[in-house]
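Starting from the structure of chain B, add chain C where the hints point.
Listed in order, the protein sequences are those of chains B and C.
Counting in my numbering, the first sequence runs from 31 upward without gaps.
Counting in my numbering, the second sequence runs from 31 upward without gaps.
Just so you know, not all the hints are guaranteed correct.
[Said to hold, decoys possible] DSS-like cross-link-like pairs, simulated, lysine-lysine; straight-line CA separation at most 27 Å: (1) K325(B) <-> K216(B); (2) K216(B) <-> K36(C); (3) K35(B) <-> K36(C); (4) K35(C) <-> K35(B); (5) K270(C) <-> K325(C); (6) K102(B) <-> K333(B); (7) K216(C) <-> K35(B); (8) K36(B) <-> K216(C).
[To be verified] Across the chosen pairs, the derived CB separations fall in these ranges: (9) N328(B) <-> Q278(C): 50 to 60 Å; (10) G227(B) <-> G80(C): 18 to 28 Å; (11) E330(C) <-> V188(B): 53 to 63 Å; (12) R34(C) <-> G38(B): 26 to 36 Å; (13) G227(C) <-> Q302(B): 36 to 46 Å; (14) R34(C) <-> E101(B): 26 to 36 Å.
The hints are simulated quantities; they were obtained by calculation from the structure and are not laboratory data.
C-beta atoms are modelled at their ideal positions from N, C-alpha and C, and glycine is treated no differently.
There are 2 protein chains.
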Amino acid sequence: MPGRKKRGQQTVVFENPPTITAWASVVGPKEGAGPWGAEFDVVMDDYIFGEKTWEIAEYKMLRGTIERALEKRNFRPEDAELLLAGDLLNQIVASNFAARDLEIPFLGLYGACSTMSEGLTVGAMLMDGGYFDRIVAAASSHHYTAERQYRFPTEQGVQKSQTAQWTATAAGAVLLESRGSGPYIKAATVGKVIDMGQTDMADMGSAMAGAAVHTIKTHLDDLNLPGNYYDLIVTGDLGKVGSAIASQLFVRDGIVNPNYSDCGVLLYDQSQAVGSGGSGCGCSACMLCGPLLKKMQNGELQKLLLVSTGALMSPIISFQGESIPSIAHAVAIEMY
Amino acid sequence: MPGRKKRGQQTVVFENPPTITAWASVVGPKEGAGPWGAEFDVVMDDYIFGEKTWEIAEYKMLRGTIERALEKRNFRPEDAELLLAGDLLNQIVASNFAARDLEIPFLGLYGACSTMSEGLTVGAMLMDGGYFDRIVAAASSHHYTAERQYRFPTEQGVQKSQTAQWTATAAGAVLLESRGSGPYIKAATVGKVIDMGQTDMADMGSAMAGAAVHTIKTHLDDLNLPGNYYDLIVTGDLGKVGSAIASQLFVRDGIVNPNYSDCGVLLYDQSQAVGSGGSGCGCSACMLCGPLLKKMQNGELQKLLLVSTGALMSPIISFQGESIPSIAHAVAIEMY
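In isolation and in its complexed conformation, chain B is listed as follows (with noise of 0.2 Å):
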């Protein structure tokens, strides 16, 4: 017997939807050129912020993020109960190191790129049950972080397959409040891990289809949705060769007329050289905080459905021949 707030197979509704009511992205120069660069919060001059290391400035890049989300609230660090964060470094050591700055309670997650959806998920079962009534969800990702963990020494300039895509340098933060005006959480769905058996670490989107796909489907059945009920369903980071399969993939499993498109499609021109497309933890969550949230807010977005997809594989486990399991969370975000 499932639980009161369950619907159908994966999918929760909230009695008491926790409130967005502030959110900031800031991205690097490459994210701030692309089409959306005046949507975010800030555009970094450079990947290195100042600091030693990449890795330091992509944690430094994300504790900014969400201060600066809480002082749009006017609200400092420790007015927030909970830290729901997380990103592709090994050991989410960004988020761990943001966490330890900010002295915030804090819960570390993995979903690689579907982390944003995943805190927005945790953050907002944790709100609606009871426990806290102001919540930060976060995720980033940093492109030069990024090459030299999963790819190849970024002085290498080794050339990138067609169907591989830019990790994006972004970080993204939203604040949940139990009151409050703006876009609300009213639904969500946890996903499954599914395997597409592709065993391509250049070809993630392709890896990751099968996962968003099914997350998409099994949210609307579970709430008896049409296709086109969201004004937007977007994934986080299929890419161009990714999204191609979810469209195939929406017609083998009769979702009709969905309003489809892919942070990683979104992100960047077509003239900025980034294979497929964007990709990583911070692809979805600065465009969910950047442009996508903002239009929620103008009112030209009524129903959107974020479906962070994440590719759960690792460069050892790959190495040695196994395919890349995937998963995607689904969140349905509406406006009052």
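Only chain C this time, still in chain B's reference frame:
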């Protein structure tokens, strides 16, 4: 204004306390040869488990532990509504692959060796909050996957520091249900990240002691409990070195007469050449899901505070000279 189930600074108290209806533990040969060998469900014959790599062995150990916990209630994996799991591997691939095979909706956690209490904390909130009725919380570590990832190639045979600990090969899984009999989760304290300025990767216990005592102190203060309220306060993996520091900090912080021990001290015999003691997510996970919950069931323990402890570093950021931030979450488990 805090959530209605929050007490003090960082603690939540459950209105409908989730019950631990079943649990399971699987350990490696060295853990099986220690003082609690007979208390674990399975002691593996070797570290490779018939697989090609240690990483695959770890994920199958974790998967098997989860299946075993479910079987004790005659459940199959599809009967579980949610899996909360994490491990020490980069990108928590042991948990990701276990979640893939089990097909249970999955939220990945990263709290380093604090993962068992992080999973129980989040799981108890998500059950008490009314979202799910059957949740599995699980964690694992494997000596040989951890050695080569965090330290040195195993074949190199590097001499260990006196303060170094032995990463346990072990997994533990707990089944939470909203009804049923067994030990129940009464309250939980979400930790803050505490940094004692320690930079020695071969002395994690010293790095984590501050976080452990901060969380224990906060828990007791938040609930207005005396230091000797619990029959046992057990930290995750401070080892002998870290436990001694914790005992000093108890005095400093006015925690009077705690019945205190550490899973890293308990797990092995003095003769087993484990340096300062056991460590790893599996250390507190197997001690909880072997001897400790059995002692609760038998009536030997009535009130247990599990305080799994995590060192939130990564090799790369430690090589860059940063200190080791740490965290601990406390879970109050009592017997009806």
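Structure-based check of each hint:
With a C-alpha separation of about 17 Å, the suggested pair K325(B) and K216(B) falls inside the 27 Å cut-off, and the hint holds. For the proposed pair K216(B) and K36(C), the alpha carbon gap of about 23 Å is at most 27 Å, so the pair holds. Straight-line distance between C-alpha atoms of K35(B) and K36(C) comes to about 21 Å, which keeps the hinted pair within the 27 Å bound. A distance of roughly 18 Å separates the Cα atoms of K35(C) and K35(B); the hinted pair therefore holds under the 27 Å criterion.
Note on K270(C) and K325(C): the hinted pairing holds, with a Cα-Cα distance of about 23 Å set against a maximum of 27 Å. Among the hinted pairs, K102(B) with K333(B) is consistent with the structure: their alpha-carbon atoms are about 23 Å apart, no more than 27 Å. A distance of roughly 21 Å separates the Cα atoms of K216(C) and K35(B); the hinted pair therefore holds under the 27 Å criterion. Taken as a hint, the K36(B) and K216(C) pair is honoured in the structure, with Cα atoms around 23 Å apart against an allowance of 27 Å.
The hinted range of 50 to 60 Å is satisfied by N328(B) and Q278(C), whose Cβ atoms lie roughly 57 Å apart. Checked against the given bound of 18 to 28 Å, the beta carbons of G227(B) and G80(C), roughly 23 Å apart, stay inside it. Separation of E330(C) from V188(B) is about 59 Å and conforms to the stated range, judged on CB atoms against 53 to 63 Å. The given range of 26 to 36 Å is respected by R34(C) and G38(B), whose C-beta atoms sit roughly 28 Å from each other.
At roughly 42 Å, the beta carbons of G227(C) and Q302(B) sit within the given window of 36 to 46 Å. In this structure the hint that R34(C) and E101(B) lie 26 to 36 Å apart at CB holds, the actual value being about 27 Å.
The structure is consistent with each of the numbered hints, conforming to all of them.
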